Each structure stands twice: as structure tokens, then as C-alpha cells.
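Model the full assembly from the supplied sequences, consistent with the hints where possible.
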Amino acid sequence: KGDLIIYDRGFASFDFMYEHKKRDLDFVMRMRLDFNLVIKDFMAGGKHSQIVKMYPGKNTNLAGKPYDKDTFLIVRLLRIVLKGGETEILATSFEDENQYKNEIFKELYFERWKIETYYDELKNKLKIEEFSGYSNQSILQDFYAALLVSNIQSLIVEEINEELQEKKENKKYIYKVNTSLSYGFLKDRILSLLFSNTNINEPMEELKTLFRAHLIPVRPQRSNKRNIGKYRARAKPIVSKNQKDSL
6 KGDLIIYDRG FASFDFMYEH KKRDLDFVMR MRLDFNLVIK DFMAGGKHSQ IVKMYPGKNT
66 NLAGKPYDKD TFLIVRLLRI VLKGGETEIL ATSFEDENQY KNEIFKELYF ERWKIETYYD
126 ELKNKLKIEE FSGYSNQSIL QDFYAALLVS NIQSLIVEEI NEELQEKKEN KKYIYKVNTS
186 LSYGFLKDRI LSLLFSNTNI NEPMEELKTL FRAHLIPVRP QRSNKRNIGK YRARAKPIVS
246 KNQKDSL
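Numbering (my numbering), first residue to last: 6 to 252.
Some hints here could point you the wrong way.
Stated by the list, open to error - Listed next, the in silico DMTMM-like pairs over lysine to aspartate or glutamate satisfying Cα-Cα at most 20 Å (straight line): (1) Lys27 with Glu91; (2) Lys26 with Glu108; (3) Lys27 with Asp46; (4) Lys6 with Asp39; (5) Lys132 with Glu121; (6) Lys70 with Glu91; (7) Lys74 with Glu24; (8) Lys58 with Glu102; (9) Lys6 with Asp101; (10) Lys213 with Glu167; (11) Lys52 with Glu102; (12) Lys27 with Asp101; (13) Lys111 with Asp13; (14) Lys181 with Glu171; (15) Lys181 with Glu121; (16) Lys58 with Asp39; (17) Lys181 with Glu108; (18) Lys88 with Glu126; (19) Lys58 with Asp8; (20) Lys70 with Glu24; (21) Lys63 with Asp20; (22) Lys192 with Glu211; (23) Lys88 with Asp75; (24) Lys58 with Glu91; (25) Lys111 with Glu100; (26) Lys119 with Glu100; (27) Lys6 with Asp20; (28) Lys45 with Glu91; (29) Lys111 with Asp8; (30) Lys106 with Asp8; (31) Lys52 with Glu100; (32) Lys181 with Glu168; (33) Lys119 with Asp13; (34) Lys213 with Glu164; (35) Lys111 with Asp31; (36) Lys111 with Glu121; (37) Lys70 with Glu102; (38) Lys58 with Asp73.
Since the hints were derived computationally from the structure, they do not count as laboratory data. Keep in mind the model is a prediction, meaning the values are calculated, not measured.
Take a look at the structure:
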């Protein structure tokens, strides 16, 4: 309670909103444009903000639910137009249009992106959904090992980024560490870093040198076309007993 929880497209449902309202939890949820007639009417109407009533879907199984078909929720819908012309519809529990102006929600919704990219790192670079065994101990060991590697990488990157901030004068772009390569460099040196019998500074400085040598520019307002097909093709978590990659 007291936080604002932000959800990407695909999470929203009447039941999910109901549970948030019941617990007095504030939310912003991106809605599918075909979610229901209320969303379609809002899209067609052209308004930038509107207070609406949301009802359970007509095909919703209400057995055991704490509400019926006539139960409704009051939510606020917002129209967000992106730079490329794409329209997003957000639903929020913040109903007061004077206190919470429309303009703040575009930036608020974008704040979730840092977490989205971290999920991408965990799933696709550290393979956190692939396990080396079937036991609870194996799964927990693999999971926390991935988090440890991620934390070490983040600490090194944060230090280098602070250096880059101090040297950014007269440069067209701000630069950052190449995430994919940094994990690869760390993979080959993690054991010497953790179990070195000598000074830990030597492997640490080697990593910093490699990270600094592979920087990429941060291009403001850059965007790529969404490739929906790649999500459909993504496989389920894998268990390859005793064959998981070392990182």
C-alpha cells in the first residue's frame, strides 16, 4: 500500500483490477485495444481521459467469485500517443484528473522499462529459466548464482558509468557498457574473481578494462519495431540435468 504498481499489456483483467481495488492498491495497466467494448468506445471517442465503469466480461466464469455480473469498478482511462503515432490506452485507479494530470502518465508508464530490460537480462543473457537439476536445491542454487553474477556485473557497470558521466563533455552521445559482452567477460573470470588466492584487485581491474573497451552509445528516443512473433516462439523453461551453461 502506498506504491503505484505499473503493468504491461497482457496483465489487465476485471478480476485483477478488482483485487487491487479491494486491497486499496493503486495501479496503471496498459490495456489491449480490443479488451472490451468500453475500451473500443474510448478509442473511438477521441478523448484523452475518461472515468468509466468496468464490468466482468460476459463470458467470465463467476463461480466462487466475490462479485457478480452487475458488479462494476470505477477506473480512469487515458490515451497516450507515442512519438511514432502509436496509441496506448492505460487504465488507472487515479481518478482525480486535477491532481493527476494526463501528461504524467506517459513518463510513469515508461518507468517500467528498466525492469523489463532487467527481466530480459535474466531470461536471455543469464538463462535464469534453465536449470542444471530437478531438485529444489539445484534450482535455488542456479537461481541465486545468476543473481550473484548479475549483482557483480551491476556493481562494476555502476562504477564505470560514474566515470563516463564525468567525461561526457563535448561528446555527441552518452556511452554505456555493452551488457551482453560484459556478462561474457565476467563468465570467463568469475571463478578467479571469487576464489583468488591473491589480491582480488587484479581480476577486477582486468574486468573493468574489458568493460571500458566495449562501450556503446545511448541514442535518445531510439525505438525498434515490436516483433510479436518472437514471444510466441519462445520456449518453456528448460531442465538439462548437469548440462546447464556455466553462466
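So, going through the hints one by one against the coordinates:
{"no.": "1", "hint": "Lys27 with Glu91", "result": "33 Å, violated"}
{"no.": "2", "hint": "Lys26 with Glu108", "result": "23 Å, violated"}
{"no.": "3", "hint": "Lys27 with Asp46", "result": "26 Å, violated"}
{"no.": "4", "hint": "Lys6 with Asp39", "result": "30 Å, violated"}
{"no.": "5", "hint": "Lys132 with Glu121", "result": "15 Å, holds"}
{"no.": "6", "hint": "Lys70 with Glu91", "result": "36 Å, violated"}
{"no.": "7", "hint": "Lys74 with Glu24", "result": "16 Å, holds"}
{"no.": "8", "hint": "Lys58 with Glu102", "result": "16 Å, holds"}
{"no.": "9", "hint": "Lys6 with Asp101", "result": "18 Å, holds"}
{"no.": "10", "hint": "Lys213 with Glu167", "result": "13 Å, holds"}
{"no.": "11", "hint": "Lys52 with Glu102", "result": "13 Å, holds"}
{"no.": "12", "hint": "Lys27 with Asp101", "result": "19 Å, holds"}
{"no.": "13", "hint": "Lys111 with Asp13", "result": "13 Å, holds"}
{"no.": "14", "hint": "Lys181 with Glu171", "result": "13 Å, holds"}
{"no.": "15", "hint": "Lys181 with Glu121", "result": "18 Å, holds"}
{"no.": "16", "hint": "Lys58 with Asp39", "result": "16 Å, holds"}
{"no.": "17", "hint": "Lys181 with Glu108", "result": "29 Å, violated"}
{"no.": "18", "hint": "Lys88 with Glu126", "result": "26 Å, violated"}
{"no.": "19", "hint": "Lys58 with Asp8", "result": "23 Å, violated"}
{"no.": "20", "hint": "Lys70 with Glu24", "result": "11 Å, holds"}
{"no.": "21", "hint": "Lys63 with Asp20", "result": "13 Å, holds"}
{"no.": "22", "hint": "Lys192 with Glu211", "result": "13 Å, holds"}
{"no.": "23", "hint": "Lys88 with Asp75", "result": "39 Å, violated"}
{"no.": "24", "hint": "Lys58 with Glu91", "result": "25 Å, violated"}
{"no.": "25", "hint": "Lys111 with Glu100", "result": "16 Å, holds"}
{"no.": "26", "hint": "Lys119 with Glu100", "result": "26 Å, violated"}
{"no.": "27", "hint": "Lys6 with Asp20", "result": "18 Å, holds"}
{"no.": "28", "hint": "Lys45 with Glu91", "result": "15 Å, holds"}
{"no.": "29", "hint": "Lys111 with Asp8", "result": "17 Å, holds"}
{"no.": "30", "hint": "Lys106 with Asp8", "result": "18 Å, holds"}
{"no.": "31", "hint": "Lys52 with Glu100", "result": "15 Å, holds"}
{"no.": "32", "hint": "Lys181 with Glu168", "result": "10 Å, holds"}
{"no.": "33", "hint": "Lys119 with Asp13", "result": "12 Å, holds"}
{"no.": "34", "hint": "Lys213 with Glu164", "result": "9 Å, holds"}
{"no.": "35", "hint": "Lys111 with Asp31", "result": "16 Å, holds"}
{"no.": "36", "hint": "Lys111 with Glu121", "result": "16 Å, holds"}
{"no.": "37", "hint": "Lys70 with Glu102", "result": "31 Å, violated"}
{"no.": "38", "hint": "Lys58 with Asp73", "result": "14 Å, holds"}
Checked against the numbered hints given earlier, the structure breaks hints 1, 2, 3, 4, 6, 17, 18, 19, 23, 24, 26 and 37 and satisfies all the rest.
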